[in-house]
Structure formats: structure tokens, C-alpha cells
Amino acid sequence: MGWLTPRWLRRTPGVSAAVKCLALLSFGSFVWLQTRVPDFGGGAGVVEDGSASLGNQSWAGLLQNASREQEILREYVGQLNDAQFVHNLDEYGPLLPGDPVVVVQVHNRWHYLLSLLDSLRGAAGINRTLLIFSHDEHSPVVESLPIKANFCKMMQIFYPHAIQLYPLEFPGTDPKDCPRNIGKQEARKLGCNNAEHPDSFGHYREAKFSQTKHHWWWKMNRIMDGLNITRNHYGPFILLEEDHYVAPDFLHVLRLMEATQPNHKECSMLVLGTYVKSFNYHITGNHVEIAKWESSKHNMGMVLYRNLWSVIKNNCSNMFCRFDDYNWDWSLYRLSMICLSAPIHVMVVKSTRVFHIGECGVHHRSKNCSSQKMAQQARNVIGSARSYLFPKSLQVKRGVQRNLKAPKGNGGWGDVRDHQLCMNSSRTTSR
Numbered sequence: 000m001g002w003l004t005p006r007w008l009r010r011t012p013g014v015s016a017a018v019k020c021l022a023l024l025s026f027g028s029f030v031w032l033q034t035r036v037p038d039f040g041g042g043a044g045v046v047e048d049g050s051a052s053l054g055n056q057s058w059a060g061l062l063q064n065a066s067r068e069q070e071i072l073r074e075y076v077g078q079l080n081d082a083q084f085v086h087n088l089d090e091y092g093p094l095l096p097g098d099p100v101v102v103v104q105v106h107n108r109w110h111y112l113l114s115l116l117d118s119l120r121g122a123a124g125i126n127r128t129l130l131i132f133s134h135d136e137h138s139p140v141v142e143s144l145p146i147k148a149n150f151c152k153m154m155q156i157f158y159p160h161a162i163q164l165y166p167l168e169f170p171g172t173d174p175k176d177c178p179r180n181i182g183k184q185e186a187r188k189l190g191c192n193n194a195e196h197p198d199s200f201g202h203y204r205e206a207k208f209s210q211t212k213h214h215w216w217w218k219m220n221r222i223m224d225g226l227n228i229t230r231n232h233y234g235p236f237i238l239l240e241e242d243h244y245v246a247p248d249f250l251h252v253l254r255l256m257e258a259t260q261p262n263h264k265e266c267s268m269l270v271l272g273t274y275v276k277s278f279n280y281h282i283t284g285n286h287v288e289i290a291k292w293e294s295s296k297h298n299m300g301m302v303l304y305r306n307l308w309s310v311i312k313n314n315c316s317n318m319f320c321r322f323d324d325y326n327w328d329w330s331l332y333r334l335s336m337i338c339l340s341a342p343i344h345v346m347v348v349k350s351t352r353v354f355h356i357g358e359c360g361v362h363h364r365s366k367n368c369s370s371q372k373m374a375q376q377a378r379n380v381i382g383s384a385r386s387y388l389f390p391k392s393l394q395v396k397r398g399v400q401r402n403l404k405a406p407k408g409n410g411g412w413g414d415v416r417d418h419q420l421c422m423n424s425s426r427t428t429s430r
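For the sequence shown, numbering that gives the first Met the number 0 gives the first residue as 0, with consecutive numbering after it.
The set of hints was computed from the structure by calculation and includes no laboratory data. Quick caveat, the model's predicted, so the values are computed rather than measured. All residues carry an ideal CB built from backbone N, CA and C; glycine is no exception. Hints may contain errors.
Subject to a maximum C-alpha distance of 20 Å in a straight line, what follows is the list of computed SDA-like cross-link-like pairs (lysine to any residue) [said to hold, decoys possible]:
id, residue 1, residue 2
1, Lys349, Arg401
2, Lys391, Leu253
3, Lys296, Ala405
4, Lys349, Gly398
5, Lys264, Leu339
6, Lys349, Phe278
7, Lys404, Arg305
8, Lys207, Gly408
9, Lys276, Glu358
10, Lys396, Lys175
11, Lys312, His418
12, Lys207, Arg108
13, Lys188, Gly201
14, Lys296, Glu358
15, Lys296, Arg397
16, Lys407, Thr211
17, Lys175, Asp198
18, Lys349, Arg305
19, Lys296, Asn313
20, Lys296, Tyr274
21, Lys264, Arg305
22, Lys391, Ile282
23, Lys175, Gln419
24, Lys207, Pro159
25, Lys183, Thr172
26, Lys404, Glu293
27, Lys312, Ala341
28, Lys264, Gly234
29, Lys349, Lys391
30, Lys276, Lys372
31, Lys407, Leu253
32, Lys183, Asn409
33, Lys147, Gly92
34, Lys207, Glu293
35, Lys296, Gly408
36, Lys207, Arg73
Simulated DEER-style distance windows between Cβ atoms [what the hints assert, rightly or not]:
id, residue 1, residue 2, range
37, Asn379, Gln184, 52 to 60 Å
38, Ala405, Gln371, 34 to 42 Å
39, Arg67, Gly398, 38 to 46 Å
40, Ala341, Tyr233, 18 to 26 Å
Starting from the given sequences, assemble the full structure and let the hints guide the process.
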């Protein structure tokens, strides 16, 4: 079952019939064009079957058709976002004040997402959650997978400024943008769009790297302030990604951490994941640690609450959006150390309840790229630790209180257009 299928369309009220039909037809043509003409913005070339490149007139016609198809898809995505349709609401009931909201940021790795869905299905208490998938790519496979989430309330939101919807203009890659490694003086002579705004390392933006930070910030603003079902919700927001895998007791441990948190008021964030590779559940299965938040250690399975989010948004949006780093977590680390009145403190599990199974992605290229192999490794760890899951209580320890320094930016975020789009996400909660 694909994303734009009759069943999916029927199950999504609030989307006009005309746009539904046009989107269905246009999506097929759009995918065909992408596969037949790999260098979508590169001018004349050779198509996949080796035939000669299209003539100028035919090429212009294809681009005109593609532009129209992107407009249709953008309108379709907008209507889906406006509809705010919640699947399975009748079966599982309304979102209650303390219920968890599980938020999954999705790109296009459906094989990982399928494993995540399987793990969520087996989690105790999952029927009490609202599961939100936030997409930045519209793929028939990826978009159909959340329909399989029939074990809880579920909804989807779609990043409306995705590269796929704007491939030949910002926030995608405009043909008139400056090449990444060109010098500033040469860029000025060339007259490319963003000549005056390389990053702090002298490089110009790459859309594929900028998108993740944009998506994360838009998603948080949309869920916290734009969705009717969550805009006044004060329960926990659990942040996951498509290549995560959860233990069956992750919600149980969250409840224990919440019960413990009032005794440690400095902790404004809970963290259910850790990257430690030694799995000593028989020793640390019921241990949590109090520490200052560090992005490289505490960015997996983060649990945010509205109070902390409000402080971040109201006081630190400008820093997040202008800090020269294309990573959302490194930017959050910067504002934690510089912008907030005190660094974020976390309560983090010592034995992970969230696993990272994505060996290949934006930052990683590993020989071990089998999603099934990595998911099976997570299942093996959980199976061997099963008798130590679902602890009755938690032991709290304080981590080493190191003096952390505010991080310097890694670049990739010098373009003022990125700053402006990011700030617009702070102000705009519709669509």
C-alpha cells in the first residue's frame, strides 16, 4: 500500500478531492522524472537508458511539468497538515494530560522505520501514547508505514519546506547558488546568490545538510504550538528518529524517572538513550544519573517538557537559528551553555532503553549497513536483559560534574536565508 493510495486518501478528512486526485497522478510523474533524469537541475545529459539528452524545448517542458507537480504536492502536503487528522482516536480515546507523546523524525530510511515500529508495538503502555511521525520526504513506502501503527493514536505531519518540494530553489539547491568550495572573491565575481554569506570555514551551504536542523526546529514548533491536540499538552514529549529502536519497558522507566524527578528539580530533561556499548543491565538496569546535558551523549531518546521548551523558544530562538552549525543538537548544546540562565541538567538512564540501529546516515558510512542485523542485535540485548527490565524503583547517582565549555560551530549554517527560514519556523505554527 503506497502513501497516496485510495485507502490513505479516504482516511484523511480535510483534503479536497481534486487535490487528492492530482496529487496521486502528479506523484507518479514526479517520481518518474526523478528516476529518468538523474541530474534534475544540471542541464543536458544522458538519461538512464543511455539515449541522447532531451532537446531544449523538451527539457523546458519537463521542468515546467515538474514545477506544476511540485506545486500540487506542496498543496497536498499543506492540506494534510491543515487537516491534523489523528488515526485510531476512536479506539484509543483522547490524549490525557500526563500521556506521553512520541515524536519520530523521518527522512527516507523505511527499513529502519519498520524496525522501530515493531519495537514500539511491543512496548508496555504504548496504547496510552500519541505517536507523531514528522516527514521531510514523500515516498510511497515511507509514508505508508505509519498506517501500520494501529496500536495507538497516530498522526503525521510534513515539513513544508522540504528539499523534495523545492529541488531547484531555496531551501533546496538553486542553480544560482554558490558551489560549496568556491572562494568568496570568486563567488562575488560569479554573482551567485549567497556570495556574501559563506560559513565560518569559508564554505557555502549544502541543502541536504541544512534540512535536518530546519526540520527539527519546525517540528518542535509545530508540535508544541501548532497542533490542536498537543498545543496545551504538558505531558512528556519523547523525541526519536527513524533509526532508533526502543526497549519494551521504555515507557515504564519514563514513569519511574518522572516519579523521581521532583527530588531533583535541577533536571529539566529526561534521557532514555545512551551510546554506551557495554550492556550491564544486571548491574545498572535500574540506575539513572544526574548530569549536565551534552549533545554527543544525551541526544537520543530525549524527553522534553513544555516548561523547558518555552524557555528555549522565548529566549534562545535567535541563537539556535543563527549559530553556525548545521546540527540541531550541537546548536541546542550551544544555547544550553550560553543562552539559558543555567545549563540544562538531565536525568539519564545508565542502561539504554533506546538503541541506535542506523549505521548509515548523514554522518556515518559503515560496512555494517544491514538494518536487520542491527535491529537483531538490539533484540538480542533486550532478550538477554529481559529479567532486569521493568525495575520497581530507580537508584539515582550523580555523574562527574565536569566544567563544560560552550561548543564552537561546525559550520554549514552561514547563509542568512537559513537563518531567516529558521526564525520563520519560530513564529509560524500553521502548516
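Going down the list of hints, with the structure as the test:
1. Lys349 / Arg401: Between lysine 349 and arginine 401 the Cα gap is close to 18 Å, so the pair holds against 20 Å.
2. Lys391 / Leu253: holds, 12 Å
3. Lys296 / Ala405: holds, 15 Å
4. Lys349 / Gly398: holds, 10 Å
5. Lys264 / Leu339: Since the Cα atoms of lysine 264 and leucine 339 sit roughly 16 Å apart, the hinted pair holds (cutoff 20 Å).
6. Lys349 / Phe278: Roughly 9 Å separates the two Cα atoms, so the pair holds.
7. Lys404 / Arg305: violated, 26 Å
8. Lys207 / Gly408: With a Cα-Cα distance of about 18 Å, the restraint between lysine 207 and glycine 408 holds, given a limit of 20 Å.
9. Lys276 / Glu358: Answer holds: lysine 276 to glutamate 358 is near 14 Å, not above 20 Å.
10. Lys396 / Lys175: Distance ~55 Å between lysine 396 and lysine 175 Cα, so the pair is violated.
11. Lys312 / His418: Since the Cα atoms of lysine 312 and histidine 418 sit roughly 15 Å apart, the hinted pair holds (cutoff 20 Å).
12. Lys207 / Arg108: holds, 15 Å
13. Lys188 / Gly201: Holds, at roughly 16 Å.
14. Lys296 / Glu358: Distance ~17 Å between lysine 296 and glutamate 358 Cα, so the pair holds.
15. Lys296 / Arg397: holds, 15 Å
16. Lys407 / Thr211: holds, 19 Å
17. Lys175 / Asp198: holds, 18 Å
18. Lys349 / Arg305: violated, 25 Å
19. Lys296 / Asn313: violated, 25 Å
20. Lys296 / Tyr274: holds, 7 Å
21. Lys264 / Arg305: Distance ~15 Å between lysine 264 and arginine 305 Cα, so the pair holds.
22. Lys391 / Ile282: Holds. Lysine 391 to isoleucine 282 sits at ~14 Å (cutoff 20 Å).
23. Lys175 / Gln419: holds, 19 Å
24. Lys207 / Pro159: With Cα atoms ~15 Å apart, lysine 207 and proline 159 stay inside 20 Å; holds.
25. Lys183 / Thr172: holds, 18 Å
26. Lys404 / Glu293: With Cα atoms ~10 Å apart, lysine 404 and glutamate 293 stay inside 20 Å; holds.
27. Lys312 / Ala341: Distance of about 15 Å is within 20 Å: holds.
28. Lys264 / Gly234: holds, 16 Å
29. Lys349 / Lys391: Holds: lysine 349 and lysine 391 sit about 16 Å apart, inside 20 Å.
30. Lys276 / Lys372: holds, 16 Å
31. Lys407 / Leu253: Outside the cut-off at roughly 32 Å; violated.
32. Lys183 / Asn409: Measuring from Cα to Cα gives roughly 19 Å; hence the hint holds.
33. Lys147 / Gly92: Since the Cα atoms of lysine 147 and glycine 92 sit roughly 18 Å apart, the hinted pair holds (cutoff 20 Å).
34. Lys207 / Glu293: violated, 25 Å
35. Lys296 / Gly408: holds, 17 Å
36. Lys207 / Arg73: Since the Cα atoms of lysine 207 and arginine 73 sit roughly 19 Å apart, the hinted pair holds (cutoff 20 Å).
37. Asn379 / Gln184: 52 to 60 Å: holds, 56 Å
38. Ala405 / Gln371: 34 to 42 Å: holds, 40 Å
39. Arg67 / Gly398: 38 to 46 Å: With Cβ atoms ~56 Å apart, the hint is violated.
40. Ala341 / Tyr233: 18 to 26 Å: Taking Cβ atoms as reference, alanine 341 and tyrosine 233 lie about 21 Å apart, which means the hint holds.
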